Structure formats: C-alpha cells, structure tokens
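Chemist: Chain residues, written in single-letter form:
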Amino acid sequence: MSAALENLLQNAAVWRGDEHSRVSAPAVSSGFPALDEKLGGWPVGALVELIPQHEGVGELSMLLPALARLSREERWITFVNPPHLPYAPALAVAGLNLSAILVVRAAGTADVLWAMEQALRSGACSAVLGWPGFVTEQAIRRLQLAAATGAALAFYFTAPGAQPRNSPVPFRLRIGAHNGATEVEILKRRGGGVTAPLILNDARVLKDVLAVPGFSAPADRAVPAGRHAA
Amino acid sequence: MLLSAAHALAPQIDTRVRDPAREREALEAAGLWALQFTSHVSIVSPGSLLLEIGGSLRLFGGTDALRDKVRDAAAALGHEVTLAAAPTPLGAQWLACAGFDMLVPDRKALRHHLERLQVESLELRPDAAASLDRLGVRTLGELLALPRDGLARRFGQTLLDLLDRSLGRLPDPRPPLIPPERFRAGLALPSPVAEVEALLFAAHRLVLQLCGFLCGRNAGVTRLRLALIDENHHTTEANISLSVPSRDPKHLIALLRERLTLTLLPARIESIVLEAPYVAQLAPRNFSFFPDREQSREEKAVLVEKLRARLGEDAVHGLSLYPDARPELAWREAEPGAKPGDAPPLPRPAWLLARPRALQWHDGQPCLDGPLALLDGPERIESGWWDGNDAMRDYFVARNPHGATFWVYRERTPQGGWFLHGIFA
Numbered sequence: 001m002s003a004a005l006e007n008l009l010q011n012a013a014v015w016r017g018d019e020h021s022r023v024s025a026p027a028v029s030s031g032f033p034a035l036d037e038k039l040g041g042w043p044v045g046a047l048v049e050l051i052p053q054h055e056g057v058g059e060l061s062m063l064l065p066a067l068a069r070l071s072r073e074e075r076w077i078t079f080v081n082p083p084h085l086p087y088a089p090a091l092a093v094a095g096l097n098l099s100a101i102l103v104v105r106a107a108g109t110a111d112v113l114w115a116m117e118q119a120l121r122s123g124a125c126s127a128v129l130g131w132p133g134f135v136t137e138q139a140i141r142r143l144q145l146a147a148a149t150g151a152a153l154a155f156y157f158t159a160p161g162a163q164p165r166n167s168p169v170p171f172r173l174r175i176g177a178h179n180g181a182t183e184v185e186i187l188k189r190r191g192g193g194v195t196a197p198l199i200l201n202d203a204r205v206l207k208d209v210l211a212v213p214g215f216s217a218p219a220d221r222a223v224p225a226g227r228h229a230a
Numbered sequence: 001m002l003l004s005a006a007h008a009l010a011p012q013i014d015t016r017v018r019d020p021a022r023e024r025e026a027l028e029a030a031g032l033w034a035l036q037f038t039s040h041v042s043i044v045s046p047g048s049l050l051l052e053i054g055g056s057l058r059l060f061g062g063t064d065a066l067r068d069k070v071r072d073a074a075a076a077l078g079h080e081v082t083l084a085a086a087p088t089p090l091g092a093q094w095l096a097c098a099g100f101d102m103l104v105p106d107r108k109a110l111r112h113h114l115e116r117l118q119v120e121s122l123e124l125r126p127d128a129a130a131s132l133d134r135l136g137v138r139t140l141g142e143l144l145a146l147p148r149d150g151l152a153r154r155f156g157q158t159l160l161d162l163l164d165r166s167l168g169r170l171p172d173p174r175p176p177l178i179p180p181e182r183f184r185a186g187l188a189l190p191s192p193v194a195e196v197e198a199l200l201f202a203a204h205r206l207v208l209q210l211c212g213f214l215c216g217r218n219a220g221v222t223r224l225r226l227a228l229i230d231e232n233h234h235t236t237e238a239n240i241s242l243s244v245p246s247r248d249p250k251h252l253i254a255l256l257r258e259r260l261t262l263t264l265l266p267a268r269i270e271s272i273v274l275e276a277p278y279v280a281q282l283a284p285r286n287f288s289f290f291p292d293r294e295q296s297r298e299e300k301a302v303l304v305e306k307l308r309a310r311l312g313e314d315a316v317h318g319l320s321l322y323p324d325a326r327p328e329l330a331w332r333e334a335e336p337g338a339k340p341g342d343a344p345p346l347p348r349p350a351w352l353l354a355r356p357r358a359l360q361w362h363d364g365q366p367c368l369d370g371p372l373a374l375l376d377g378p379e380r381i382e383s384g385w386w387d388g389n390d391a392m393r394d395y396f397v398a399r400n401p402h403g404a405t406f407w408v409y410r411e412r413t414p415q416g417g418w419f420l421h422g423i424f425a
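As given, the protein sequences belong to chains H and P, one line each in that order. Residue numbers for the first sequence follow the working numbering, so the first one is 1 and each next one is one higher. Residue numbers for the second sequence follow the working numbering, so the first one is 1 and each next one is one higher.
Everything labelled a hint here was simulated from the structure, so no lab data went into it. Quick caveat: nothing in here was measured; it's all calculated off a predicted structure. Note that CB positions come from ideal geometry on N, CA and C, so glycine has one too. Be aware that one or more of the hints could be misleading.
Where chain P lies over chain H, by a calculated footprint (3+ residues, C-beta under 8 Å) [what the hints assert, rightly or not]: (1) 38 to 46; (2) 60 to 74; (3) 82 to 91; (4) 109 to 118.
Once the Cα atoms are required to be at most 25 Å apart in a straight line, the calculated SDA-like pairs of lysine to any residue come out as [what the hints assert, rightly or not]: (5) Lys339(P) - Arg69(H); (6) Lys339(P) - Thr149(H); (7) Lys250(P) - Gly133(H); (8) Lys38(H) - Gly403(P); (9) Lys339(P) - Gly123(H); (10) Lys339(P) - Ala110(H); (11) Lys339(P) - Ser99(H); (12) Lys188(H) - Ala152(P); (13) Lys339(P) - Lys38(H); (14) Lys250(P) - Ala110(H); (15) Lys250(P) - Thr149(H); (16) Lys339(P) - Glu74(H); (17) Lys250(P) - Leu145(H).
So that you can see chain P by itself, here it is in the shape it has in the complex (with noise of 0.2 Å):
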C-alpha cells in the first residue's frame, strides 16, 4: 500500500521509516538473550533466531515447557514471537515465517504440514517464483509432487538441495552464533523521559537480554555501566559495582533502580546503553554438606551493594584492629568481611569519639554534666613522635555523678586540658 493511500484510508496514522540497521542490531540481540536456552543459536535474516533445542529439551523439561518459556521470556523482552519447531532448522523458519505457531514432532508430519505452504514461503528468486506461477504450482505440495529430474531441469540443482534439507534428506548445518566477550545492547526510547520508572522499564529490557546473555556462557557481571543519552547528546552514566558476579535481573535492577534515583538527569534521556565490560564466571554451586553457607555469603554480599548502590560506596564498611598505640588510630575502616587481626586486651570503650572533645575543669577536676570521678588510670600513651602526630596523654576511666563512664585524658603537654575520648556505652 501507498503511504498516500495510508493517510487517506486512516489520516491520523502515525508512520516510521523502517530502520534495517536496527533491526539487525535488535536480532543480534534477541540473539545474545536466547542463548540462554541452548548454547548453538544462528541468526537469521531479516527476523528469525533458529535455536537447536534437542539437547536442551531435558534441561527444560520437554518442547511444551521450553516453548512456554521461549515465549515469556520473548514477551518480557517486549517482542512478540512466532514459534515453531520442527525436526529441520529450515522446516521450523518457514512454518514459523508463515505465521504457524506450532510443534511438528516428527519428520512425517513436517512433510504434512509443510505440504500446505504457500511457494512464496520459499523466498525464492523472482523468476523461479513467476515460473512455477505460470506451472500453476502454489503450495509446496504441489511443487513436491513434480518429478525431481524435470525439477532440477528448469530450476537447477539448488530448488532440490533446498527442498531436500527443509524435508531432512540433506544436512543443514548452520553456523552458531559466538558471543562477544563484553556485552553492550543500546535502546532508543519512543519518546524522551525524565521519570526514573520510565528509564527503568526501559533498562529492564536490556538487563534481561544482558542476563539471557550470561546464562549461555555460565558468567556474571561485577560491573555494569548504563549510559543515559539525553536531548543535547550529553551521556549521563550509572556505574555499578558488585562484590559477587550475579547474573540475577532482579538483584540488577535493583541495584540500578538504587543508583537512578540518585542521579540527577539534566535533561530528557532519548536513548540507553548497558554496558558489561568485564564479565566473570561464575563458580558452579557445589552439592555442598553445608548448603545454606554459599547461599548466605552470597545475601550478605547483595545486602552491602543494595546498602552502597543507595548510600554511596564509602558510607558502607567493616572494622579491623590496627597495631598502633594511639587509640585513634588502633582501628581502621576495612572492606566488609575482611579479616580483623588482633586486640591487645586493654579497658577500651565501646564508642570513641571521632574528634576529642575539650572538657572543662575545676581544681584539676574534669567535668561532663557534673564532676567527673577518676575511677582508674593513668594509662600514659606516649606515640606518634615519628609520624609528627604525637600523643602524650594519660588516660583515664572517668565516671560522672549521673552513673555514665567515660574515657578521658590529660595532655601532658605545657597548657595540658581534659579531653572526652570515648564512652564506656
């Protein structure tokens, strides 16, 4: 139809110029994201994936259960498939591109089904397809009903080949589809969005494609950068970073749902990009004695990135002991779960306090919210003379009239003072 003859049948169409390149890019893809049902895919053109199921059927329960799933996880994608199956990659493209959704079981019933196509199903060069008009020849029935040698007479050799391997009279081996080794899958919005559920809808596509991805080659991301392309073709980016390779979408978009509320968008995002430079593979889970073991280092690890992806990366760490004798500086941040070494068992508080706080005092006596009684002490700390923070302090336990118990030094430096370090909380 004419695109004049569109408007006037239906004037308020909306109409798109047909993109190719994107549409490869878009099979490509969908491509990647079924290799997660099979590891041998092969793409082809303009619109259809061939999958070799038969060693997958056992893994997924059989061709009902397998297709049920193919299909969700198409829907989920946002496309619309037609499937079929049948025992020759060539007799599936063609029941599927005529729009027959179906499961043929055995190469008897594929010549049945296949009987019924119409020649144009074959795609074949136009003269071949006016001739066989002219023969009156419009199923392939009719067309497999001819005699071979008078076939290959008027149309070559290859109408034969062809029709053999749609029937599995001959091999028809097609190259699998290798996947790169990083992921990279863009999307661009219908229209622009600012609203973060909107992006994430969006991103949600390319997390299951990127997840499909990972499922055919057993591995996990531990990073992920989402590149957000706004109306001024400023690239905006999300980076994640996980502890644990994951390939799980939920836990993904999690993460990012975390990390874009915190982003500030300067304008409307008109296209997306996912990015997987590094992908990690993923140890296979042992039938271990303890099983709950693996599973519970792995929550933990997903509680520290939800916690980081929200709070940023620093708000988040562990505890560890330092060897030093000054008490600020006898512990460290660490990295979550690492190890901690030693304490020597000192009478230390349960809080310090990050600065020092002055004290009053009177007649030599400290005071916070009353008098303060020295109930032991001193311990005299003298350190730090090599790295120019000295300390030259005695320390002392400290207990004020209300009952609270304190950790407090004198400086024993020339204006000396009292200082609150920490609380025996």
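Bound-form chain H, shown alone (with noise of 0.2 Å):
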C-alpha cells in the first residue's frame, strides 16, 4: 500500500466499508449462536420489529433466553398490551425471575404506545415488549429515541403474517416456522443486510421441558389433584 493511502487511511474522517459490520454496540446474548452471529446479540437501546409469520411459532419463546438472563436485574421486564394472557408458569419455566415482570393493560393504540414510552424511557426496565397494534413512523421514531434514553431491550410485535413495511425501525425480523422450528429472518439490521433464514433448534419453551426427564411418559399419566385423582 503506498505512504500516501496508508496517510489518508489515518484520516478519521475516512470511513472504511469493510468495518461497518463490526460497529460494537452494546448488547445482550439472544442465548441462540446462530442469531448472536448475525445479529450481535439483541442490541441494546435501539427498537426491534418483530413479525411473527403466524401466532404460535416461537416469536415470544425466543426472546426468552435473553428476559430470563435480564430478569436477575433490578429493573422490570414490561409487556405492554400482550394479545393473550404471559403464561407465569411457562416464563418461570423458562428461567424468567417473576417478580421482575410488569403486565401493563392499555386500551387504545395511543395509550399502548404511550406506556412502551415512558417504560422505555424511566430507565427502569432492562426490555420492554409492546403490541401496539399500528405503529406510525412517527411513533417509531419516539420509541426508538425512549429506548435509547432509557437503554432499554425494545421490542414490538406486529399482527401476525403483516406485510414488512419500509420504516425507520432499525431492526426487522420476520418470525416463522420450518420442520417445527423456528426460522428467523433478518430483513434489516445496522451495518448489514438481508440475511438467509436462520433456524433456532430449541427456541420454544416447549423443547426445554420435553427435555425434562419423565415428561414424555405414558399416555395414560394424570396428573393427581387430591383424593379425586384419575
């Protein structure tokens, strides 16, 4: 490389296109390899969309590696306006600490995304997950800036099988399934671009505790409740 490159390379207001994948920004281990790869970890501080292609294919269970490691801190997990009710005994199984999760109810979209904000942005909750339903861009860009302020995992999830949208939003994921399990597809990231789906083999909390010893017994096994018991 000639002396006159190698100067202008020592410039710091050269920027290099081969490094741009390697921006470190702060993050947590999603718990999958494959995803921690391509992603970095859940990034910290900047909003994820989340399209699950169809309720029931791992969109929430796969969060849950990362929640239940966050779930030791002193700050809360907030879901806010979940479509059913979060299931305290699968969370638990989960790993997730309880006492660190906040349900928070709220009727309208405006209302939804008015409490993933101040939840965001108090500073008080290691990841917030919102179902808010329709998010403008504007909204987005609020979310985004509360999650940053408040360094928070942000998270929300569309309707089931939505179409991607062209959004602010720093990172997309698309959510389905393949061979029963679940498949993830990057569609945006910072400092890369699309990536081939990628498989995570043990996202559901089912695949946990099918791996529990006796659990997989006789179709017969009941389950005893008191004097009553089949």
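These two chains come separately, so use the hints to put the complex back together.
Modeler: Structure (structure tokens):
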C-alpha cells in the first residue's frame, strides 16, 4: 500500500465500508449462537420490529433466554398490551424471575404507545415488549428515542402475517416456522443486510420442557389432584 | 387614598376587598413551606416570616446561596419577597418591612443600618409615635441618641427593651412554628377555569408548599388528594397513591397531570385544595456499597405509579404462581415485584388464552388453520371437583400445517369437544 494511501486511511474522517458490520454496540446475548453471530445479540437501546408469520411459531420464546438473564437485574421486564395472558408457569420454567415482570393493559394504540414510551424512557426497564397494533413512522421515532434514553431492549410485534413496511426502525425480523423449529429472517439490521433464514433449534419453551426427564410419559399419565386423582 | 379618588384617577381600576383571614392562611402556608430551609420558622403578622438560619448556612452553602435559594423558591410559589438577614430577628424584620433587601453581617453594621430607619418602622402605639414626632425624632438613630433614663421615664421600659432586642443587647426568643401532622392547603383561583394546564399551574404552587413542608419533616407522602371545587360548589376529587413515599414536586405534578387529564370536570373550577392525609418518614438514604440499587428500586416504583395514574390501578400488575392443577388457575395477577412462588417443570405455552376457544374437528382431529397434528400428550388434568369448576381434560401439544404450535385439550365429558387453551408463541 502506498504511503499516501496509508496516510489517507489514518484520517478519522475516512470511513471504511468493510468495518461497518463490525460496529460494536451494547447488546444482550440472545442465547442462540446463530442469531448472535448475525445480529451481535439483541441490541440495547435500539428498537426491534418482530413480524411473526403466524401466532405460535416461537416468536416470544425466542426472546426468553435473554429475558431470563435480564430478569435477574433490578429492573422491570414490561409487557405492554400482550395479545394473550403471558403464562406465568411457562415463563418461570424458561428461567424468568417472575417478580421482575410487569404486565400493562392499555386500551387503545395511543395508550399502548404512551405506556411503551414511558417504560422505555424511565430507565427502570431492562426490556419492553409491546403489541401496539399499528405504528406510525413518528411513533417509531419516538420509541427509538425513548429506547436509547432508557438503555432497554425494545421489541414491538406487528400483527401476525403482516407485510414488512419500509420504516425507520433499525432492526426488523420475520419469524416463521420450519420443520417445527423457529426460523428467523433478519430483514433489516445495522451494519448489514438481509441474511439467509436462521433456524433456532431449541427456541420454544416446549423444547426445554420436553428435555425434562419423565415428561414424555405414557399417555395414561394423570396429574394427581387430591383424592380424586384419576 | 379613598376608593372614589382612586377611581377618579384610574377609572379602569379593579378593586378587591382585603381579606385578613386569607392573608393569614397564606402566611401560615408559606411558613410551613419555609421549614425546608430551617427547622425554626416563626410567623410575624401581618406579612413577615422569621427564619433562624444560623444552623442552615453550612448546609446551603452560605448566606448568599441560601438567600438566592429562598428567593427563587418563593418566586416559584408566587410570592414576591423582601429578604433581610441580620444578627437579631427584630433587626431583620424591621429592615425587611422597610423594604431593605440586604444581608447584615454583624451587630455593628446592624446598628448602622437601623439608625437610618424611620421611627414608623417600630410600629409604636399612636400616642408614643405622636410624642416622638413632637420631640422632632424622625429616625431610629435620633431615638437611640436620646438619654436612656429620659426615654424610660417618658415611654416606659417597653420601648427600651424593644430597642435593646433589636440591637442584640437583650435575648429575643421566638416561638417556633410547629408543623401539623397532616398537610392541607387551599387556593382560590383568580377566575374560574376548566383547562387542565391552568389547574396544574395552580396545583403546582400547592405542591411546592407541600414539598417544603415535607422537606422540613424529612417526610414524604404516599397519598395525595386534590379537591376541585367548581362554580356549583360541587367537589371533584383526584386521588393519587404512591408505593414509595415521595416529596419530589416534579413526580407529584406528573402524577397529578395524568390523573387530571382523565378527570371529567362537571363545571369550571373556582378553588382547589391539596391534602396529604398521611405523611410517611423517608428512610434516610444510606451510603450503600451498591448505590444504584436503592435508586433503581425507586425508579421502578415511579414507573408503576405513572402508568397507573393514567391507565388505572388494575391496568398494571405482576405475575405469580399458584399451586392449582387447572392451568387457568395456576397463576395469579400480583402486585408488581411480589414473590412469585415455584413452578413445576411442565410443558406450558408462553401464551394462555383468557378463555379457551372451541375448535372445529373432523374425524376426531381438531383443526386450526388446517388439521392439527398431536405431538405430545395427553396430559390428563382432573381437578376442581371441590369448588364446582371441575376440569376433566386431556391436554395435547399440537401443530398445524404452518408450523404453529398450540396447547389444546379435549373435554372428557359426554358432549366432548376440542378447545384451544394456549399458544407456544
């Protein structure tokens, strides 16, 4: 390399494209090596849009290993307007400390976005998961700013099967199923483009539990319930 | 000046009748507020407060800093003040009442400044004032120059004592203001309002008073009631409860704002009353080895309160486990942060449906977006015969052609049927 070029590269104003994907931002390991490799872990303080192709493909379970780790912190993990009841026994089995969980019910999109923004901005949450319905570009910018302020993991879920839209959200992932495993496509990320779909083999709470000895018991197994056990 | 003369000079003038009772109330409220600067406040009617600041100077960083702080805080409260600091209470009071905004460092300087005061500042009895006037005594300096025995003969010992107290030759103890157990302060609005922002502006003053009062008692509030009295003398209440005692005006105002935006006002509001029925001691903050922990606990509580203030008390909850074999009863909503209990390691879906949903079935096979393949089960749950909510179900883990995984059960009753109860999301 010529000395002139060497000199030029020393200049701080010069930006080198090949270093772009190695930008290191604070992140929390997702618990899935394949996902961590492509994404660098779940980004702290950056908004992530999750598009489940259907309900029940592991869209929530894929977050649980990271949430389990964060639930040991002295901060909330906040669910804003979840579409169903976050089921405490399942979350506990996945390793979450339930006393860190905050569930917030809000009636309209405006209140959901408000609650998400408050939670993200407060600094009192290690992660915020929201189901806002429809999100405008302006709302995305507000949430992104709040997430950066409060240094939280920030996820919002679109309606199942929604078409990906162009929006200023820094991360967009589509979650589907492939041969019974959870499949993740990274549609948008910082410092990189679209990736080939990743398979998360043991994403679902179910798989962890199936590994518990004695679970795959014979079909006539009954849960005893007092004297009336079948 | 006569009212008629004033009207003649300025016809557009707006006149109000002076209300001594309300003035007294405002002065007392300001006295409570001033407790944040010193534990020793005394009220001097009609319009003065005496603050013993000798013990507060170090905490607030000197006389100048303290004066600026008091002035700023009083302005935020909506009061315009003249501040005089002097070595004796009477000296400070006279100087301030005469409009001298000054800090007097010692007794020598105090005598110098007092000498320039008019004798009216002493507020003597009319006959005494008249006879001083006849003597040609106009200023305190001239009065102090008169021989003491002559003064004592003419005006009695009281005048001499008064002068001695002002110069610090005699002690001048003042009864301190004893703060009440609970806080209550009201404010009549200059004109009726219906806008939340205008109400908050007024409430802000009361909140500042409250916070000064709390500061003086090293206490915080856990409950706050704002009563809004409208034109029809109907009272609307906005209540706030906090999980951790607070005396942060910003936080309290933010909570009031959320609550007021939700409150429906039947008419325009004429006056407001802020009440804190319970005052709780704030635990002194220790110099902890992990200083962030205490703070983050407080931040967590603040978030919960903020969300509840707008969305309602029931809209925010935590999760806990409950030992019941019926899946819908194996968990409970709990106060955020409550101890959760233990979960048995069973395969459970991350989502539970609030109400099981009936599924279609063909040839004994349940369907949900296509036929469901049963991957695992049955897990038989029979429970609840004792409370009438019997559950006799066989649970299965099932998957549809799209790869979505569900938790379904078959009723073990004569009519049977398949139901969706959870989603392995």
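Chemist: Next, verify each hint and record whether it holds.
Modeler: Hints, one by one, checked against the model:
| no. | hint | verdict |
| --- | --- | --- |
| 1 | 38 to 46 | violated (count 0) |
| 2 | 60 to 74 | holds (count 4) |
| 3 | 82 to 91 | holds (count 10) |
| 4 | 109 to 118 | holds (count 4) |
| 5 | Lys339(P) - Arg69(H) | holds (18 Å) |
| 6 | Lys339(P) - Thr149(H) | violated (29 Å) |
| 7 | Lys250(P) - Gly133(H) | violated (32 Å) |
| 8 | Lys38(H) - Gly403(P) | holds (24 Å) |
| 9 | Lys339(P) - Gly123(H) | holds (22 Å) |
| 10 | Lys339(P) - Ala110(H) | violated (32 Å) |
| 11 | Lys339(P) - Ser99(H) | holds (6 Å) |
| 12 | Lys188(H) - Ala152(P) | violated (94 Å) |
| 13 | Lys339(P) - Lys38(H) | violated (37 Å) |
| 14 | Lys250(P) - Ala110(H) | holds (24 Å) |
| 15 | Lys250(P) - Thr149(H) | holds (19 Å) |
| 16 | Lys339(P) - Glu74(H) | holds (14 Å) |
| 17 | Lys250(P) - Leu145(H) | holds (22 Å) |
The structure does not agree with the numbered hints 1, 6, 7, 10, 12, 13 stated previously, though it agrees with the rest.
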